[in-house]
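Undergrad: In case you want the letters, here they are:
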Amino acid sequence: MLETAKPSGGDIVKSVTGTLDIKYRFSYGERYDRFFREMRDNKRIMGIACPKCGAVLLPPRPYCGFCYTPVDEWVELSDEGALLTYTVVHLPFIGQPTEPPYIYAFIMLDGADVQFPHILGEIEAADVRSGMRVKAVWAEERKGTLHDIKYFRPV
Amino acid sequence: MALKPPELTYMEGESRCDYNWTTGEVVGTFLAALRDHGKMLAGVCESCGQVAVPPTSYCESCGSEVSDLREVGPRGVVMSWARVADDFEGAPAEAPFRYVLVRPAGADTELLHVAPDDDGIRIGATVRPEFRPREQRGGAITDIRWFVPDGAESEGS
Amino acid sequence: MTRPVAVIGTGQTKYVSRRDDKNVPEIVREAGLRALADAGLKPSDVDAVVIGSAPEIFEGVNYPEDWIAPALGMCPGPVMRVHTGGTVGAATGIAGFYHVASGAYDTVLAVAYQKLSDGVPQYGLSACYDPLWDRDFACGAPALVGLQSRQYLDRHAPAVTEEHGAMVAVKNRRNALLNPYAQIRREITVADVMSSPPVAEPLKLLDCCPTSDGAAAMVIASEQTARKKCPRPAWFSGVGTCSESPYVPHVDMAYPESCVRAAQQAYQMAWIYEPARELDVAEVYEAFSFQELIWCEALGLCRPGEGGKLIESGRSDLDGALPVNTSGGVLSSNPIGASAMIRQVEAAMQVMGRAGEHQVDGVHRALAHSWGGAIQFSTVTIFSDEI
Amino acid sequence: MIDVGVVGWAQTQHGTLERETHQSLIYRVVNEALSSCGMSIHDIDVVIDAGSDFLDGRGISTCITVDAMGAHFKEESKIAGDGLLAAIYAYMRIASGLFDTALVVAYGKSSESSPRVQSLLMTDPFYLRPMGLDATAAAALQARAYMHHYGVSEEAPARVAVKNRAAGATNINAQLSSEVTLDQVMESRPLVSPIRELEAAPVTDGACAVVMAGEEVAKSLKVRPAWIAGSGHAMDAFSPGAREIHKLRSAALAAAAAYKQAGVTDPSADLDLLEVTESFAHQELMLYEALGLCEEGEGEKLLISGATALGGRVPVNLSGGALCANPVVATGLVRLAEACARVADRGEGDRIDGMSKAMAHAAGGLAMQTAACMIVQG
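In order, the protein sequence lines correspond to chains A, B, C and D. Just so you know, we're using my numbering here: the first sequence kicks off at 88 and counts up by one. Just so you know, we're using my numbering here: the second sequence kicks off at -16 and counts up by one. Just so you know, we're using my numbering here: the third sequence kicks off at 360 and counts up by one. Just so you know, we're using my numbering here: the fourth sequence kicks off at 4 and counts up by one.
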């Protein structure tokens, strides 16, 4: 059946290769704009307080994810906090700005009720403990992204 | 500590990923026939008999197995066309060119391909495929360079 | 009350790291036709199709259902694709359930698939993170589950240890030896797991699932058709799903509330009061070893913090009182978009008595669980041998 | 199936919304839909949403929009394709008897990436993608085949654009809200000919939300619902060359299923209004035929008769349709919201006297491979 039509000159084409390269322009929107400008210009991390449940939220959204209330009250957070949990990433991946191994962590900043994601520096993986105190080390050159903080170091 | 301009409006981003798609036997055989023999193979549905080009291993019309491949064309009839005036990244030909739906002789479906921007490309016109030279073919639908009006001299020959 | 709905046939492809003989629609067709054959039906007996797959970036085709569904012999006809992340396979089965429970359709074919080898799986998963927030630090699924596993271990130390995760990996790979569809069929030891290279600590290579090509399918039908076509249908007796935001206070990855709530809902619908006693088998979505312990706790199959004791006791072994992941689990086969449906397929097969060598005797009620997103989507499905 | 009403609906202003995020759009539109029927998010049992990961530039984008939809600690599921399909799934959820209320959300921000690339992503890797076929080119092939097959004049699609842009001029949410003349359309830039710029839908950001409720809850509300009378969806063959591309078989089948359920036997007499997804102007003519408003090949005649314009026998796209705003993924759900607003007796401005039954249509795939329809009545 298929054999009869199979080209005699060579094997069938087993696969086809291709690349997708899609460019995006992600809108910061009004909230991320304010949040990242505070980081870039003032080295400040801002949360938003929910007037109903009182939670101080991250990342900044127009609403409280928990009780669906509109939120608009900006609150300055400490750039210091406690390590919630962490993992040592050994796996390389495409587009990764930090070369593995590195320590990826969830940090509960003082004054916040939601975790802040970042990486740890100035510490060996074996010395990291959940609950330890860490503080942001700010980058000299800041552009309005989470990389405006280089990493968090132990206090 | 006022916020300074510039405002942050857009973050530039991209999604870039490489793929290696398995073709399967029917698609792989069709592509190899283009490459090795400069021939178009169609799939014959074992149930409804539809002759489909390019072929899939299942009949898009009735869902049955397609296990028999047969040569169709090379000449075919233009069933529709559309003219592209402006170049774009990844275009299959230099603009202006035309997209065509060609029904090769012996087939019941149409193959999507391109054609020169030539008034001879119109609905009902007979066209024939112009294959790329053997050494430029890689086992892809683009091994057919395009379809030209039957009887026309191929460019560069 | 809703009208009774059952799974009356299942189909799977063999899960492999690279399926190089068939393209995506052909793999979906293979699983779909097997499910129909298992149910004794033809494609023309199907009233609607539900398709499921995880992010389109895995295969690089958007709206892949448009390309794939015609391979099921259903076009022209009603096709809908569900798209919920890791839970999608189960969410697809559940959508099939609602297609029939609503009275809109009698017989539905639900198929879920993924052909991870066509693209770059970890890139696809990393693209799930918010580009303006955590995308640059997170690394596919292992980093997220590394955080989760660390939180779980730290909370319950020393009652739960890294060795307990390794024991899950050993058990599930052992179960996979009996499952002809499983990808990884190799006996391993706790020492092998503990000495395997770190991926996202505390996860080591053998704590992690593979990436697979494959598809799974179920035929879902009304009571009338089920009684006619299937001697022992697997009735949907409990269905629950729950989503949660990762950005609210008190997110607890070590005891995810979406899982707890989805389970409560499914148990309530199925009249189950003591899941650990009333369920006969459970298939949970353990993409990484520690997750089996976390899910067993959140599903109420053991008490919080007793995951270590559960795996140590042998209770969740194939010959234990409540076998968990009799199929070998996600740790043995992981075509992501299909993985959650494979849990449903295994649970349904156990109820139908069609699980072959890994069949557990006397299964009346089986649970299938899945998770997705940033550990924020959960589904629980309970199949029963009676309405 | 049990009676289900569409009780609330809302859509955003459509356009290029560069200061809006997906979350801010969704949050606003959901709140507006809820308040339109006096409900709170806590009254919602299940959320069914539609979005496109490739369009959003993220995998599983519900990861970061689920809270914007108010779905925290709720049943929630996502459907690929148009929001109208999500509405059909939500309808099934309530009809199962297991849920009383459902929220349907659909959103898209096409301005964040290239629409051409987005539609190229819909092609298969073997046969269509190497040809660079995008949605406009596929629609152009369809337009030429359709016009040739039935002898449709070159001005006919342009006349659809004139009609719909005139209607859109009164739609406060529309992106394009100016009228155009036949000459302007005919002289507009060719995209992929025969399609001209003014015969193609614009690039749009926008969102839509709809609230549904089972009979008991729907009747307990202070506002009157639009009751769902029927729905249907269908998919045709994938390869454009394996379809009769001059016909819309999927739309005909989706409509047939909806008509059967709703007891519609003569659509042009039984329906008072249609809202259809005409991403390209010629498609509205094809839809007249596929949806049974006229005989095959008679679309142009129906248009010229004025039957489908405001004040006509069976108006189509009084909102201006997709040609005035095309927030892909949400476009079809917007059609449902528009249809509901016209037929539900809520003492508001949008309702048109004498209209009681309307159908919304959504399309998907290259050259309308897929279709979904829902009929609502006041």
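Do not take every clue at face value.
As the list claims (entries may be wrong) - In silico EDC-like pairs for lysine to aspartate or glutamate, Cα to Cα no more than 20 angstroms straight-line:
| id | chain 1 | residue 1 | chain 2 | residue 2 |
| --- | --- | --- | --- | --- |
| 1 | B | Lys(-13) | A | Asp98 |
| 2 | C | Lys668 | C | Glu633 |
| 3 | A | Lys101 | C | Glu671 |
| 4 | A | Lys110 | B | Asp101 |
| 5 | C | Lys401 | C | Asp495 |
| 6 | D | Lys222 | D | Asp103 |
| 7 | A | Lys237 | C | Asp489 |
| 8 | D | Lys222 | D | Asp348 |
| 9 | A | Lys130 | B | Asp91 |
| 10 | A | Lys101 | C | Asp380 |
| 11 | B | Lys(-13) | A | Asp214 |
| 12 | B | Lys22 | A | Glu227 |
| 13 | D | Lys250 | B | Glu29 |
| 14 | A | Lys101 | B | Glu118 |
| 15 | A | Lys110 | B | Glu29 |
| 16 | D | Lys263 | C | Asp380 |
| 17 | B | Lys(-13) | A | Asp128 |
| 18 | C | Lys401 | B | Glu118 |
| 19 | B | Lys(-13) | A | Glu186 |
| 20 | A | Lys230 | C | Glu633 |
| 21 | A | Lys237 | A | Asp98 |
| 22 | B | Lys22 | A | Glu163 |
| 23 | A | Lys230 | C | Asp406 |
Claimed, not checked - Beyond 12 angstroms from chain B on every Cβ pair, some chain C residues (computed):
| id | residue |
| --- | --- |
| 24 | Pro384 |
| 25 | Arg388 |
| 26 | Gly399 |
| 27 | Ile416 |
| 28 | Gln583 |
| 29 | Arg713 |
To be verified - Simulated DEER-style distance windows between Cβ atoms:
| id | chain 1 | residue 1 | chain 2 | residue 2 | range |
| --- | --- | --- | --- | --- | --- |
| 30 | D | Lys263 | C | Asp404 | 15 to 25 angstroms |
| 31 | D | Leu313 | B | Glu29 | 50 to 60 angstroms |
| 32 | B | Arg53 | C | Gly712 | 42 to 52 angstroms |
| 33 | C | Gly399 | B | Glu77 | 53 to 63 angstroms |
Everything labelled a hint here was simulated from the structure, so no lab data went into it. By construction, the Cβ of each residue, glycine as well, lies at the ideal position given by its N, Cα and C atoms.
Undergrad: Run through the hints listed earlier and report the numbers of any the structure violates, in increasing order.
TA: Failing hints, ascending: 1, 3, 4, 5, 9, 11, 12, 13, 15, 16, 18, 19, 20, 21, 22, 23, 24, 25, 27.
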